[in-house]
Amino acid sequence: MATEIKTAPRRRSSALRRLLRGAQLELRMLALLALLSLGLSLISPYFFTLSNILNLMDQSVITGIVSIGQTFVILIAGIDLSVGSLTGATGIILGLSLASLPLPLAILAALVAGGFAGFVNGFIITKGRVAAFIVTLGMMSVGRSMAYVLSGANSISQLPESLGDLASSTVFGIPTNFVVLVVLYIAAWYYLTFTKGGRTIYAIGSNAEAARTAGLAVDFYSILVYVISGALSAVAAVFLAARILSIDPIAATGLELDTIAAVVIGGASLFGGRGTIIGTFIGVLIMVLIRNGLNLLNVNPYWQGTAIGSIIVAAVLLERFLSAREGLRRAGDEG
Amino acid sequence: MAEQGEAGSGTLLALEAREVWKAFERTQALSGVSFALRPGEIHALVGANGAGKSTFSRIVSGHLPADRGEIRLFGAPARFASAREAISAGVTMVMQETSLAPDLSVLENIYLPEFGAAGRLSWRGLAARAGELLDQFGQRGHLPLGHPLRDLPASQRQMVEILKALALDAKVIIFDEPTASFSPNEVDRLFDVMRLLAQRGKALVFVSHRLEEIFEITDRITVFREGRVVADASPTAEMRPAELVRLMVGREIADIYARGVAGRGAQASGTPVLEVEHLASAPRVKDVSFSVAAGEILGLAGLVGAGRSEAVEALFGLRRIERGDIRLGGKPYRPRAPIDAVRAGVGFIPEDRRRQGLVQDFTVRENLLLAHLGRKRGFGLGYDEQRPAMERLLDELGLSPRILDDGILTLSGGMQQKVVLARWILLSPRLLILDEPTRGVDIGTRSTIYAMIRRLAQQGMAVLLVSSDFEEVIGVSDRIVVMSDGADVTSIPSRLVDVEKLAMFAAPRSSAEATHIVVEELVRRFGGVAYWIFLEGERLYCFDAVAAPGAPELGFARGSFPEIGEARIPETLRQRPQRFFAEREGASLLVPLRGHRGHDLGYVGLTLPAGGDLPDADAVRRIVLAGPAAAAPAPAAAGGR
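Quick mapping for you: the protein sequence lines, in order, are chains A and B.
Under this note's numbering, the first residue of the first sequence is numbered 9, with each subsequent residue one higher.
Under this note's numbering, the first residue of the second sequence is numbered 475, with each subsequent residue one higher.
Careful, some of the hints might be misleading.
Below, a list of computed lysine-lysine pairs in the DSBU-like style, where the Cα atoms sit at most 30 Å apart [what the hints assert, rightly or not]:
| # | chain 1 | residue 1 | chain 2 | residue 2 |
| --- | --- | --- | --- | --- |
| 1 | B | K805 | B | K760 |
| 2 | B | K850 | A | K135 |
| 3 | B | K805 | B | K850 |
| 4 | B | K760 | A | K135 |
Read the hints as simulated data drawn from the structure, not as lab findings.
One chain only, chain B, in its complex shape (with noise of 0.2 Å):
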């Protein structure tokens, strides 16, 4: 801490660049942008879609030369021809898995610089010196060294891209939309890592879209708007989010989310469009039941891995379905491909936009025509009979129709979203698939997306929003159905849930795990039944539970959320005592429960027949406390965190 202190005076910055100009052949990207960045400190880069925060990442990081401008490195003046040269100076972006070769192992991955240098390379020496970054970072146990890299998730993929930084000794570490695909958990993880990196007097840039991560993490933000820095450095702590978004956008947007009351009422005639039981497609999706009805837009939350797009590209055709009964309106649909399902009136929003979404080689025209071709029977192209239809569509999205003959690619992202919404806004189906919508689309776009996505639900469509953003599934969703481990959780409507229960409800097996066993365990000893719940004002979220055969009924099983007067032991509940307390039911303790940084994570609570021995309330909190560990010989899934 002590260098930290030496540096953050100001006398040395990081990272200094100034009227730094970027054109490219159409457009001024960048017009006299200026940074400074301190050591120690997260600096969050700011700014909508198409403001210049990326072409300024790249110069910086040496990606792309700058027109005209000053950077300096450490106060010396350095001038980057290359990424390569920029990164031995000691300035790298991390960026989403583009760098890695996933064939090699992680340890490969992360000296794969060395492998250039003259001499022979010490495997053993290389191995022990993977290992203490590992330590250092408290990431010992969770990254395998000798695995291909191709096996692990994107979030390990991106602490092996980080921890390659750290082996060549980086001082700046720009992270380019580092938490895109993360679940809450591993952006937490990567998070703490940050904290460890700036603690240690690394200089990081946090480039992001979302918001309360900007909050939560970052000591001064940067904004940019249209190529000029409209916010220079402001501390995190001083700045207000609506502020930020003013700054971002150029005005004010109130809730982007816009979810009038009287919206809301208008919508979900009860008619079920999509009924969906049991469905099963390996290897992700286990077993899915939900049903969407017209009007309605449901939400599929859950942690990244827990099958939701898998379980939506299945219902699309697009993965094969292995079991399963299935009704689109009312009538048996399995489809085969993604044309059975455009048939039946289906329309899908891929996630991964640029995969599966655009045909980058044509036209705005032709993309936004795209599905219309596939839907389309006979050998013409029938564009002339869209025009009307196409027109005035653009007019609601916001779109100029003189960019229909522009080349896909000239548009930002938040257009392009907005093209492939409304290809399929085109062919008016029934029920609207959107899987991960907003995904790098700015603030504006959002809003827009958002509007219309409930406007098409207001005249009847039925909305199926997949989304790992939990702020933007309670906002935007009527109901919501958590995944976890493919299957279904539970179903709840959103006004009843927040991100925290959300996050709870959605928890993998993996990460719950600890939980678990805790439960399973108190059943094991005790028998009875034990639980997982959360409790705020008169209702009750039961996250899991586990009974022994004959144990009492409480009237919540897991993933139900009752009012406490609907429970069986609603005294309990209301009272929270410390030793057992006898209902009608049983008896029934809670213990409290408190996460790794503290926070609230609801009550274990065990209820044991009336009538019979009760264990000493002592040894029940101790198993409680003490967590898997102590418990049966825990597996090595526990997060050990």
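Bound-form chain A, shown alone (with noise of 0.2 Å):
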């Protein structure tokens, strides 16, 4: 075991040096995360209050659990566009098997719909060659739609207490509901980087045609994703449903939009290959944080929408220019 002792700290130093050059767009979205705060903790007394934090990492959680699939599919340079209709219509599927299942079933009922949405959506992309755009915008209608006709365009309330207690619990004084997004995020970084996989996920979005020819599974990962993107989003519905014992058919809507955002501001390239889950988590973290500061500022509900496209677009825009960047760099290199 020589070997070992004499590679290790070369690893180390490496793995570093990996971290650091690897990191860059998600120190910068980091070092953006902390001037907002300290911005908004200037400009707002309130903001540095421990009930606002707390409204802070429940506002995140949705958003958060959501944005995790949809990380999966925009590394496989795909998109989801279903996830807030699914996520809406989970929702109502779990109200309704309330009424007659116990919770655990329930919430099982929930995520084999939305993974199996999820399924229909990745099988018809990767093996019917389809747009993801298309299909996803197809099965975001769908789910709309099932979420009306299941609960005939009613709310359903008065939901069990014991789904209420995940969002009103507390784990050592954090709220579960957050702590389930940080070990959801936990799971999905360590799946990304150490396991088969995740380096397949990766693979698939760089160079399909290479990782095929390598012997990987790209079909079946590339099916994973959506199933996983679903699922996900049927999680969402339950922590939704939790947080005010209700689901009403137009819930989530417009969700889609804040994940693909969150995930882009994390640093996630759209052509696939590129970004993190620890950057998309940050992300969210922005996303809530703006709309935080805009409620605290008093900012007119109608113009937040402006704030957050705007930060959106300027996003994508760094991302092409450090991207064209690179590729100058690149092309140079092999001259």
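Taking the hints as your guide, dock the two standalone chains into a single complex.
Structure representation (structure tokens):
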């Protein structure tokens, strides 16, 4: 085992080097996050209060969970527009199931429904070679329509208290739902970094043709990311319903845009292969912080859309600019 | 020619670059390069990968700005801010199908730059001008103006690029690796056009890795090494190939194929690893049979479009296999996806490194372990268990372990290819398929790759090498299977062939059509058996043969290469008489065949049953020399050269 002793230090230093080089964008975004927090705490005395911080945590849960699935999908150069309506539809399925099933089974039913819808997305995109944008746009419409059909266009309220515990309980003083969010992020980070499946997802996004030629299971993982995305939409639906013990068929409308924005702000490339789950987490926090700040500053809610939209476009512009510079450098390296 | 003589006296250079410097973030790509190009010359720009020749070409053609330096065009200072500016000044770089719109027609592509001009476009005017342009370069009839570009083969698309440059009145044309995907015939055609361009006073820069092409076409050679000029415009006629290689890589490589006699005997145990019978995979692969033994390097030669790449891709599960009986290690083998092939012990180095080989966003390490990841079952990565083997292999390939965490795109093309090769060696497959493994790779790396392939074969691996570089196939493989039009034509030990004979075996039906029509015509008129053969010493190579029912058995057929003594008409073959010559099997006549540049293409022969009436020898000769035009109604496929 002499080799291990010899190589260990070198590996650590190179890992650090790699981390610093690879995490440049995350570090930039983290700095932006810190700057935003600092600015907001200076402007609003309310910002750094415990209740606002708990509020921020609570607000990041739904977008945060769904953004994990969106990251997986965007990493393979796909896109999932159906997550918002699937959150709504699986929420209705959860509410209806709770009338006759115990809580764990009802949650399972919602998860299976979400996963199945994701499978349909992934299967048609991968095997039918239809653009992800089109297929998930269709699913977005179907999902919302199912939510109305199943609920009879009425919200389902007075859900059991046991569901509410998910939102109101705490672990060491931290809201349970936020703890779950963090655990999910750690699991996703581990999966994407240290497993065959995770690396395959990156390889597909970077060059699917080369991944296939190297014997990687391109089709399997291309479908899997949509299944994960659909199932996580259902997880989000559970926490959404738990918050107010009721679920509405129009719930989570527009969530797909928030998640795509979070992923892109987090540094992922819409062309696939680039992006990290940590970046997405920072992206989610930035999104939530901006919304929170706009509320604290009493900005007219009608103007908030303009602010958020501008930030998304600015983030993508930045990514374009940086990757164009990268491309120029790469082109030069070959000369 | 008059204006060429004037300019050739050196008074006015078409293009002159002085002290050009260029640095990219960490690397100094060009360190004070100077270059002088005369009108009417074809000037080779040579160098190993990373020598700076692409960077220089891109600066001259306005794709990249220089850090420092002066560029003059016909004596006037020029500083192009964009490729567009360079083009309007008369400097064009012809790249491989990068600036073309595949959905537009050939005509529209040629005149695409005019679409931006104000005023109305006259289609009829454009078509007339295009026709003139085609006539000037003997391309009328080769390029269908109204066709969408998408349908054309790569060589014709490149011709469109050239015509597009000419339509803009280009005076300096830079050809960057123009022949990389061309067959020998297509190269010939391109060279004809290049010579015409030079005669008309255009100044041409030819960037290429292929030495034999450089010596064939260029007038002078400038060699770059590590961003400096090491040979400044030396006349090609005075340069020896070995000297050029030494200038490029800085050391002498006597024989890059390094085929030792000892290395050859030790291998080929004879146990077949892969046996392929009647493989078909639409649309290109129709009927291919061959086998590769353990320790053997089998070359799969043929022209572009012969279906070689498609055949090996089918064998690796990248294309659907429609028919065929395939066995790997004696067991039935029919991969449906690459993963099946990988798990069965087959490795594959694809033709297009960028598209099929590299994961651009990954580090060298992850690219190296990509096939390992594909083969591995289970959840984890298993990278660590591969580390000792990986480090040993990097050492063998002359790569430093320090590059492992660098991005794959920071490496030169040659090093990238070594990584792709190492990826498969790591899995120690029993069959390794290499599709064009040295395309766009410099000579130094090529010799490393050849040495590696040879060592793998000596260790008992079966190697299947696909290459359109005939010298490479002959130099590296033990045996060669020639493919043409989706079928195998012959299987021949590489020591028995040279480039010319391989090219004749490989000729696709469209260009061998002329001879084939003649051979068929002879049988139709006179019966018996007609054939196209090549004679060298005591050996006969048969490229084509057609027999009428009941014709004499000659002891050779299409694709065979017996010794003359084994054929049934040995005396005819030895004496090659001018008249019909009777032997026991029948009476035969051989008519010598000459190519359009006068080179020896062997003989067309006719053998008629013994004892029958013999036609007039001159009548036969006339049919052969008249070619296909005089024979049966010839379809448009005949080459027309």
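Margin query: Need the list of violated hint numbers for this structure, in ascending order.
Written below: Result: no hint breaks.
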